[in-house]
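Number of protein chains: 2
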Amino acid sequence: MNEGHHVVIIGGGFGGLYATQSLKRMPFVVTLVDQRNFHLFQPLLYQVATGWLSPANIASPLRGVLKRQKNASVVLAEVTDIDVGNRRVILSEKTIGYDTLIVAAGSRLHYFGNDHWEVLAPSLKTVEDATEIRARIFLAFEAAEFETAPKKRGALLTFVIVGGGSTGVELAGALGEIAKDTLRNDFRNIDTGDASILLIEGAERILPAYPPKLSAKAQMFLQRLGVTIRINATVIDIQPDEVAIKRGETLEHVPCHTVLWAAGVQASPLGKILAHATGARLDRGGRIFVESDLSLPNHPEIFVIGDLANYPHQTGRPLPGIAPVAIQQGRYVANVLRDRIEKKSRRPFRYKDRGNMAIVGRASAVADLGKFRFSGFLAWLAWLFIHLVNLIEFENKVLVLIQWAWYYFTRNRGARLITGDKRTHFKAC
Amino acid sequence: MNEGHHVVIIGGGFGGLYATQSLKRMPFVVTLVDQRNFHLFQPLLYQVATGWLSPANIASPLRGVLKRQKNASVVLAEVTDIDVGNRRVILSEKTIGYDTLIVAAGSRLHYFGNDHWEVLAPSLKTVEDATEIRARIFLAFEAAEFETAPKKRGALLTFVIVGGGSTGVELAGALGEIAKDTLRNDFRNIDTGDASILLIEGAERILPAYPPKLSAKAQMFLQRLGVTIRINATVIDIQPDEVAIKRGETLEHVPCHTVLWAAGVQASPLGKILAHATGARLDRGGRIFVESDLSLPNHPEIFVIGDLANYPHQTGRPLPGIAPVAIQQGRYVANVLRDRIEKKSRRPFRYKDRGNMAIVGRASAVADLGKFRFSGFLAWLAWLFIHLVNLIEFENKVLVLIQWAWYYFTRNRGARLITGDKRTHFKAC
Chain A
74 MNEGHHVVII GGGFGGLYAT QSLKRMPFVV TLVDQRNFHL FQPLLYQVAT
124 GWLSPANIAS PLRGVLKRQK NASVVLAEVT DIDVGNRRVI LSEKTIGYDT
174 LIVAAGSRLH YFGNDHWEVL APSLKTVEDA TEIRARIFLA FEAAEFETAP
224 KKRGALLTFV IVGGGSTGVE LAGALGEIAK DTLRNDFRNI DTGDASILLI
274 EGAERILPAY PPKLSAKAQM FLQRLGVTIR INATVIDIQP DEVAIKRGET
324 LEHVPCHTVL WAAGVQASPL GKILAHATGA RLDRGGRIFV ESDLSLPNHP
374 EIFVIGDLAN YPHQTGRPLP GIAPVAIQQG RYVANVLRDR IEKKSRRPFR
424 YKDRGNMAIV GRASAVADLG KFRFSGFLAW LAWLFIHLVN LIEFENKVLV
474 LIQWAWYYFT RNRGARLITG DKRTHFKAC
Chain G
74 MNEGHHVVII GGGFGGLYAT QSLKRMPFVV TLVDQRNFHL FQPLLYQVAT
124 GWLSPANIAS PLRGVLKRQK NASVVLAEVT DIDVGNRRVI LSEKTIGYDT
174 LIVAAGSRLH YFGNDHWEVL APSLKTVEDA TEIRARIFLA FEAAEFETAP
224 KKRGALLTFV IVGGGSTGVE LAGALGEIAK DTLRNDFRNI DTGDASILLI
274 EGAERILPAY PPKLSAKAQM FLQRLGVTIR INATVIDIQP DEVAIKRGET
324 LEHVPCHTVL WAAGVQASPL GKILAHATGA RLDRGGRIFV ESDLSLPNHP
374 EIFVIGDLAN YPHQTGRPLP GIAPVAIQQG RYVANVLRDR IEKKSRRPFR
424 YKDRGNMAIV GRASAVADLG KFRFSGFLAW LAWLFIHLVN LIEFENKVLV
474 LIQWAWYYFT RNRGARLITG DKRTHFKAC
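If you read the protein sequences in the order shown, they are chains A and G.
The first sequence begins at 74 in my numbering and counts up one residue at a time.
The second sequence begins at 74 in my numbering and counts up one residue at a time.
If you're looking for bench data, these hints aren't it; they were derived computationally from the structure.
Even for Gly, the Cβ is constructed at its ideal location relative to N, Cα and C.
Keep in mind that a hint or two might mislead.
As the list claims (entries may be wrong) - Coverage of chain A stretches by chain G, computed from C-beta distances (three or more under 8 Å per stretch; other residues unrestricted):
#, stretch
1, 226–237
2, 248–259
3, 462–470
4, 475–488
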């Protein structure tokens, strides 16, 4: 580790992993630090949460991915601090010196100052979140089957999803299909088709990042699946058996046992640490403003990429916190480092926007590929194809493809297991 | 639920599920009660614990399996008591009356009066156990990579498996392959091939239920994988960083961080409740002595099957607590019930022993099929085939087959995720 230029990368998500891999044949010693021993393919996490795929299908052990990259090693540890002056990353039990630091620590879900909502309305960021949400969804149906009081049963069969971005839309669509198709003949006392699924969005349409026409399409697809959409609406209170929703002057109290949070995002706390140490500025979401080569002002040896970076140099607004941005930034930084060694200069980072896609149901999706905007079955196929191609391991591509095909033909979600410690606490959910 | 003869079945394992399914076209109303919403294919659980398969691959949602069986319903609940006098099963929040009761509540692992060992030496019974053991195994390698003191590193790379039955042998073989093959190039500071794996067996050979020749074969296969076998040995103490093993007069202290328990088994506590209520006798393992038709003495309306039953009528000794016994007993009881309605009598239950098989490694197993006893690659293929055929859902058959094939060719275990709450507590493992 002491020979050569040492690049330390914090975070094994899309930004960090692609940066590591791009440094493969370059004259650097690379250390990738992550709290988890796997890279998680976030865009498919909602499919784990809805009992379609297994966690391992979308997670790739980092050591396995990098086993043949001789200049890279993996450290499984939590970063507690960054000592910018002495160029050291502080872990819980040791420190690692760096010549160059790439911080790709990502973001977490954010409850807008209502952190106590997290217990009542879990969000979807980790594998554990996904299996917890999966347990809550399927336990709610179990509890409804068991419940004889119609009012309580109704609350158990009500699902509120907060946030109409792509995660919220995908969760709502999947829930609609679970109620209408997957569980249709599973129960004897309830009709799962009676479940009501509410999607709450603060803006005036769902998928606000998409062109209005595609938002309308997505809305239509969701409504066909029985999802009720509330736009211009905010959740102002969450209780174990009720959600309060405000629209303009109207306040609605919805009896409900299962709330899923897909609304706010906040950058990793490492942003604050870095800002404090380097004098870099933070935006309201906790993201750090980076230079046009993704380094920090006055600290050319520190780069910030992915969800943690605010890169305003292209459009005046920050780039969205999505996988393609992080991937392109990871690759870009690797090239900057090589160019520096070769004394070349590199043009500012430019994000190539290849478009946005969200899946709405079993055979429908919306796609905005810039020139091409389409929806329905074709968009769904394109969505499947692009996600399959980008999955890291070949084994996972095969396993996911089979489970998708299986679901397409049978509408069966084989992974609807209720697991975890709270598995028998029906009434607590 | 109030029409017709009501059969309540406690437990959705092999015995309970096969009993339920065998009652399909018979004039009964069937209720299957289980604490979990899925049937678990126990024989493959060690493959989840060793990062080969995902939990959902070997778990089948009970409601899904029974969705087309109109006379059956599933109740997800814990049985707290059985009211034999009033023929009622008491659940945590309601009661269910029965005309006939089939108790197939199975067994749990047993620490011979050392229940405090459970935290230090988890056993393999539930999906949660499997993911916990998986996390411990792979965290131990991570911690060893991080550790610089050679002695501590050695302890982190030492794995002790207590119990040389088929689960212990399968775990030991899998651990050998993880160390020698799967992780071979994953680490930079340690050579995972240095890991020492100890298999502790109290009897004079491993796999004592098999013919001596096959035990010897299994021992040879394991030794090739670098597993050290201690026979006539007992674990007398487990500490977080040390295990005390007694052989005759010798006491050995093995520095070790990861201990897996595959030794004793104790029947479900429902056995005690039933014995108390009906006057039936229990054996030392908590199993209930049943009549030759698997019912309880003086209680022809109560049957006990599977691991919870002690059936001595065939060989004078209890039948082993394995899946084929439970399956055959479940089917038998369904036939007894039909015969009773048709006023026919049925001969006593007889277990047809089709043999025993244990897998030892990537291409080796031992099989004792009565007339045929073989080992090696052919036994391994037979093992794979039989387990694949018996997996409940078609989708799982395909997914498992692909993962087995993948492993066979690449020796890669794709599901080696470290998940769960304690994921960052390296030093605690």
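Hints, one by one, checked against the model:
Requiring three or more residues with a Cβ within less than 8 Å of a Cβ of chain G, the coverage given for the stretch 226–237 of chain A is violated, as only 0 such residues are present. Only residues whose C-beta sits within less than 8 Å of a C-beta in chain G count toward coverage, and the stretch 248–259 of chain A has 3 of them, enough to reach three; the restraint holds. Counting residues of the stretch 462–470 of chain A whose CB falls under 8 Å from any CB of chain G gives 3; the rule of at least 3 is met. Here's how the stretch 475–488 of chain A fares: 7 of its residues keep a CB closer than 8 Å to some CB of chain G, so the rule of at least three is met and the hint holds.
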